[in-house]
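Use the sequences and the hints to build the structure in full.
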Amino acid sequence: MVIPQIGEIPTSVQTFTIGLKCSGIRASEVDVSISLEVILNRALNNVTHLVFRRKKMCLLVEPEEDNTVHGPVLLETAVPPPTGMLTIIVGSSLALALVIVLLLTAYCVRRSAKRQNNGQPMRTSSFQRLNTLASCQQSATYNGHPSIIAPIQSSLPRKVQIEPQHPEELHRRISELTVERCRVRLSSLLQEGTFGRVYRGTYNDNQDVLVKTVAQHASQMQVSLLLQEGMSLYGASHQGILSVLGVSIEDHTTPFVLYSAPNTTRNLKLFLLDPSCARTITTVQIVMMSTQLAQALVHLHSHGVVHKDIATRNCVIDDQLLVKLSDSSLSRDLFACDYNCLGDSENRPVKWLSLEALQHKQFSEASDSWAFGVLMWELCTYAKQPYSEVDPFEMEHYLKDGYRLAQPFNCPDELFTIMAYCWALLPGERPSFAQLNACLSEFYAQVTRYV
Numbered sequence: 001m002v003i004p005q006i007g008e009i010p011t012s013v014q015t016f017t018i019g020l021k022c023s024g025i026r027a028s029e030v031d032v033s034i035s036l037e038v039i040l041n042r043a044l045n046n047v048t049h050l051v052f053r054r055k056k057m058c059l060l061v062e063p064e065e066d067n068t069v070h071g072p073v074l075l076e077t078a079v080p081p082p083t084g085m086l087t088i089i090v091g092s093s094l095a096l097a098l099v100i101v102l103l104l105t106a107y108c109v110r111r112s113a114k115r116q117n118n119g120q121p122m123r124t125s126s127f128q129r130l131n132t133l134a135s136c137q138q139s140a141t142y143n144g145h146p147s148i149i150a151p152i153q154s155s156l157p158r159k160v161q162i163e164p165q166h167p168e169e170l171h172r173r174i175s176e177l178t179v180e181r182c183r184v185r186l187s188s189l190l191q192e193g194t195f196g197r198v199y200r201g202t203y204n205d206n207q208d209v210l211v212k213t214v215a216q217h218a219s220q221m222q223v224s225l226l227l228q229e230g231m232s233l234y235g236a237s238h239q240g241i242l243s244v245l246g247v248s249i250e251d252h253t254t255p256f257v258l259y260s261a262p263n264t265t266r267n268l269k270l271f272l273l274d275p276s277c278a279r280t281i282t283t284v285q286i287v288m289m290s291t292q293l294a295q296a297l298v299h300l301h302s303h304g305v306v307h308k309d310i311a312t313r314n315c316v317i318d319d320q321l322l323v324k325l326s327d328s329s330l331s332r333d334l335f336a337c338d339y340n341c342l343g344d345s346e347n348r349p350v351k352w353l354s355l356e357a358l359q360h361k362q363f364s365e366a367s368d369s370w371a372f373g374v375l376m377w378e379l380c381t382y383a384k385q386p387y388s389e390v391d392p393f394e395m396e397h398y399l400k401d402g403y404r405l406a407q408p409f410n411c412p413d414e415l416f417t418i419m420a421y422c423w424a425l426l427p428g429e430r431p432s433f434a435q436l437n438a439c440l441s442e443f444y445a446q447v448t449r450y451v
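Per my numbering, the sequence shown starts with residue 1, numbered consecutively.
Just so you know, these hints were derived from the structure itself, not from any lab.
Values in this document were obtained by computation on a predicted structure and should not be read as measured data.
Do not take every clue at face value.
To be verified - Across the chosen pairs, the derived CB separations fall in these ranges:
#, residue 1, residue 2, range
1, Ser243, Arg181, 36 to 46 Å
2, Ile34, Leu342, 12 to 22 Å
3, Gly193, Lys361, 17 to 27 Å
4, Asp205, Phe409, 14 to 24 Å
5, Leu273, Phe393, 18 to 28 Å
6, Gln207, Leu170, 19 to 29 Å
7, Glu180, Met221, 24 to 34 Å
8, Glu169, Thr282, 40 to 50 Å
9, Gly428, Lys361, 11 to 21 Å
10, Thr253, Arg279, 36 to 46 Å
11, Val30, Arg449, 39 to 49 Å
Said to hold, decoys possible - Okay, derived cross-link-like pairs now, BS3-like style, lysine-lysine, Cα gap no bigger than 27 Å in a straight line:
#, residue 1, residue 2
12, Lys384, Lys400
13, Lys351, Lys400
14, Lys400, Lys361
15, Lys351, Lys361
16, Lys400, Lys308
Don't be surprised by glycine CBs; every beta carbon is placed ideally from N, CA and C.
Given below as structure tokens:
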């Protein structure tokens, strides 16, 4: 198919149609894919990819006694053209559509480039194109209200998480939280991995708790990792954070790490994967849960703490849909499929990491913001695996080339716009959690206004 190299750029939004007529010879279902690539400046990687995917279905109607073939049952009721003209019609229609879309895309991208100057556009996977930050600022209004997203200008300093606590600090924290083992009763096993265990239980017979522990065969390294990661949110007193209640370490027994939680509390990812629970969640509830977690992270970051592993697997939820952010202890064992080793002997949540965290292990408030965008995507997809089609070793190149997660089919444009801001390539262009909380709160107020 030959497409002209020159043409007029449209000055307004235009529509186009593609006519794909059925031959009537047989019933068939055909996937139609149209790919476009617009290159404005390859040196600046200012390239935009568009992939349109549609499914064409034709149904065959059995011929009548007069041996005539009637048109197939379709949305279109027109008489099919002679088979000799089918190729010409389809080819001409596709060529015209490609030219129109190409010119319209060039016009829109050029306008975005002028607003953004040296900004780098982002691209999604083949399922959907993610708008640039400049074009996101011109996002559609919601029932007549202005866009809830303002241009991002980070107001909080980007604090970098210090390396794991020194042994002396860890021992001090454990000593402050030590409880007697005899006061802890385990009632039911909630999760079990290769060595990790999560139980529901009680403390002092009257306080419901979650208990994280390890099996008897666990190595000393695995025990140390449980205690170290279990202490990562030490002293974080906030209604949206599952902080440590106590620790039990006694000779010849495995350690217990206790968290205060109602007996209806369960892991958020397992909740989303349960069809009987998750399929009833509404968009309003998803926004509400996202807002709760954003507020918890505002609290963490205000104290200079970077989480480094934000995901639904590291959250809990109760029967009132109240969610809390938890630490990442035992997650590498209980959710092994979410972690990958890239040849450095360290299992990392590769599909949740920002580019700088993936490349250089640089963690900050900005890298937490990136992971939070993936968490919101998990909420909208009922905990599907992000980038499931991408090899972990290819993730770095995938992100550098500008590809991002596609918009879930049930996700409002306004909510996906917030996610897209979290996935800005440059850390300084990502929103702080104070900004995310403000955006989510305003969007929540808007959607509940019409419910």
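Against the structure, the hints come out as follows:
1. Here the CB-CB span from Ser243 to Arg181 is close to 20 Å, at odds with the stated 36 to 46 Å.
2. Taken as a hint, the range 12 to 22 Å is violated for the pair Ile34 and Leu342, whose Cβ atoms sit roughly 35 Å apart.
3. Between Gly193 and Lys361 the beta carbon distance is about 25 Å. The supplied range of 17 to 27 Å therefore holds.
4. Between Asp205 and Phe409 the C-beta distance comes to about 48 Å, which lies outside the given range of 14 to 24 Å.
5. Range check, Leu273 to Phe393: about 26 Å between beta-carbon atoms, so the 18 to 28 Å window is met.
6. Between Gln207 and Leu170, the C-beta spacing of about 25 Å keeps the proposed range 19 to 29 Å intact.
7. For Glu180 and Met221, the hinted distance range of 24 to 34 Å is satisfied, since their beta carbons lie about 26 Å from each other.
8. One distance hint, 40 to 50 Å for the beta-carbon pair Glu169 and Thr282, holds here, with the actual separation near 43 Å.
9. Between Gly428 and Lys361, the C-beta spacing of about 19 Å keeps the proposed range 11 to 21 Å intact.
10. Separation of Thr253 from Arg279 is about 41 Å and conforms to the stated range, judged on CB atoms against 36 to 46 Å.
11. Evaluation of the 39 to 49 Å hint for Val30 and Arg449 yields a pass: the beta carbon distance comes to about 44 Å.
12. Between the alpha carbons of Lys384 and Lys400 the distance comes to roughly 23 Å, so the proposed pair stays at or under 27 Å and holds.
13. A hinted pair counts as satisfied when its Cα atoms are at most 27 Å apart, and Lys351 with Lys400 qualifies at roughly 14 Å.
14. Restraint check for Lys400 and Lys361: satisfied, since their Cα atoms lie roughly 16 Å apart, inside the 27 Å limit.
15. A C-alpha spacing of about 14 Å is found between Lys351 and Lys361, which places the hinted pair at or below 27 Å, so the restraint holds.
16. For the given pair, Lys400 sits about 20 Å from Lys308 by alpha-carbon distance, which is consistent with the 27 Å threshold.
In this structure, the hints that do not hold are numbers 1, 2, 4, in rising order.
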